[in-house]
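Q: These protein sequence lines are chains A and B, in that order. Heads up: the first sequence at position 301 corresponds to 301 in this note's numbering, and the numbers run straight through without jumps. Heads up: the second sequence at position 148 corresponds to 148 in this note's numbering, and the numbers run straight through without jumps.
No wet-lab data here; the hints were simulated from the structure. Hints are not guaranteed to be accurate.
[As the list claims (entries may be wrong)] To list a few chain A residues with every Cβ distance to chain B over 12 Å, as calculated:
#: 1; residue: 145
#: 2; residue: 264
#: 3; residue: 277
#: 4; residue: 292
#: 5; residue: 301
#: 6; residue: 309
[Stated by the list, open to error] Pairs of lysine-lysine, DSBU-like flavour, derived with a Cα cap of 30 Å:
#: 7; chain 1: B; residue 1: 61; chain 2: A; residue 2: 323
#: 8; chain 1: A; residue 1: 323; chain 2: B; residue 2: 146
#: 9; chain 1: A; residue 1: 224; chain 2: B; residue 2: 145
#: 10; chain 1: B; residue 1: 134; chain 2: B; residue 2: 145
C-beta: ideal position from N, C-alpha, C; glycine also.
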Amino acid sequence: MINFELTAADQEILALAHRQAEIGRTYANYYDKHEDELPPAEFPEAAGQQNPITLAEDKAADTSGSRILHSLVMSEIYSGGMSLHRSKWGLGNTVLKTVATSEQFEKWKNHTISIAITEPGAGSDPANIRTTATFDRETGEWVINGEKIFISQAQSSDAAMVLARFVGPDGSRGLTTFLVEKGTPGYSVGPQLKKLGIRSHDTCNLLFEDCRIPEFNHIKGDFKSTMTVFNDSRPMVGAMALGVARAALDFTREKLAEGGIEISYGNGVRSRSAVADRFIRLEAIYEAAILTVLRAKWLEQQDVPPKVEASIAKAAGGKAARKITQGCIEILGPEALSEDHPLERCFRDGRIFDIYEGAGEIQRLIIARAILEYTSRDIR
Amino acid sequence: MEPDFRFDVSAMRTAAVRTASGYRLSGLKAMVPLADQCSHFLVVAACEGMLDAFIVDRRAKGVAINDARPKLGLRALQMANVGFVNVELDSNARLGNGARCDVQGIIDSARTALAAIMAGISRAVFEFVMPYTKERVVHGDALAKKQVIAFRLADMRIETDAMRWMTWKAASILEQGGDATRQAQLAYTYAVEQAMWIADEGVQMLGGHGYLRDNPVEMWYRDARTVSVMEGAVGV
């Protein structure tokens, strides 16, 4: 039978994530206002707390599936606005796992590795990057020169996985990745970027000036293999977006109720106030999007790698976060603008999800190519 | 459904009052499907402050079945107005015999079914326009290769997926005997907006040809609008 219900174990794990999100929420405001200050690797309250994601893996047999739960746990965390502990994993770790040799993996598997692709002239079009890696025959090193921008986990990571344009010892050219450890001469991390939202997130630009790294640091993936890291992360970003949207909806419903407006689902359009109608439409957007996320994660759970469904989840989640956070402020009016309340931060935080990790337009390109059976030559 | 532009399921005008032998029913129902073919009507009416359902024989005195009224879409399903003027009913005509009829359950099921129909119409539009846009050449290239068209098709795919999952979820709750009111409302409300958008863009993608009755997209455009406002019609 088709069943969307969460198991008892699911609910226990999500309740734990929710409690932790509530604790995280108490810090969200501070780090939103202190963007130059990195949140700690772990907040004091994290001590002795089980990690809901680890718990989901331990109890996998009793749950709907650890991959499905992972997305729902992330959603909970993002509804609080601050995680109790910093993630030890970066997208660079996925690249390492995917293409590194066993020796390379052994060396760096416990490092937190950020991914460094985006440049001032190349965001949605990463093939257009200009960072170069030139092989120095005399020293057997690669020399990296270039600038990377909008890099997540820039200061907190142990290394960066850098996508660069290489000229090999044999004169061959192409795009490939290099692992650059923190502290390598010629590699510098800039100050925290001044963002609209997600100000607690560690985001900086990186500079490579004649940065020399050994051949061993050449992680021999190509452009295609590097970009595959985003397949898995897409539904997760959708889930994160919806966590922020959920926070906005919950706050709005609470304030409406305090003002005597309860949302009735039984009535039709003509018996609803305008405000209740708007709220229901925003809720419907949330529900639609979260189900596309669950669909993608369910497929992943069955070991059916979801390409189109992953892009659908990311596109739907990103759009939903925009619409819902915008709409909730519209419903509640000017009091919602005040920094006294969390909704204006949800509005600012919510805007990123349709932009990063593959903008909504790129997701639609991927979906369009899949449904139309077109290649990137047919439609760009 | 009642023939008033302000009609809403929560404000029913058709009413039944208790009599010595049973009930007396009066009111006017609109958009009644199969009015010309059925033997009985299930009539939802306000009774003693709540909504209840009554079974009424079409031949009962006071029942006036009007001619079918042609409408914008779903034209194959003829619907007529049916009037009830002081129709005398036995007490056992009231469903559930005073235990009250789960009208909200009927409405929830209706909304879920309509969401499913709208998802189906959406899918029909999407599956029809895709090959057309790949074939049709405009300014030297297939329509489907133009970003605005390709992105609209991508959005059609996103929204038909979403509508399907929302409908499945509401239906699964109904199947298990749970309270589906919220889920049915969300599935319905979402489908109303998306199905109308999809049918609308479907016509646009075919240009002038989309406007002709030779092609099905204009029918789906009419059907999408029709089904998406029928939330009171089915059984109520």
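Q: Now look at each hint and say whether the structure bears it out.
A: Cross-check of the supplied hints:
In this structure residue 145/A is separated from chain B by more than 12 Å, as the shortest Cβ-Cβ distance comes to about 34 Å. With 12 Å as the threshold on Cβ separation, the claim that residue 264/A sits away from chain B is violated: the shortest Cβ distance comes to roughly 8 Å. In this structure residue 277/A is not separated from chain B by more than 12 Å, as the shortest Cβ-Cβ distance comes to only about 9 Å. Not every beta carbon of chain B lies more than 12 Å from that of residue 292/A, the smallest distance being close to 6 Å; the non-interface claim is violated.
The Cβ of residue 301/A sits about 15 Å from the closest Cβ of chain B, beyond the 12 Å cut-off, so the non-interface label holds. The non-interface label for residue 309/A is inconsistent with chain B: the shortest C-beta to C-beta separation is roughly 8 Å, within 12 Å. Between the alpha carbons of residue 61/B and residue 323/A the distance comes to roughly 54 Å, so the proposed pair goes past 30 Å and is violated. The suggested pairing of residue 323/A with residue 146/B holds, with an alpha-carbon distance near 26 Å, which does not exceed 30 Å.
Of the supplied pair hints, the one linking residue 224/A and residue 145/B holds, its CA atoms being roughly 23 Å apart against a limit of 30 Å. A distance of roughly 8 Å separates the Cα atoms of residue 134/B and residue 145/B; the hinted pair therefore holds under the 30 Å criterion.
The structure is inconsistent with the numbered hints 2, 3, 4, 6 and 7, although it conforms to all the rest.
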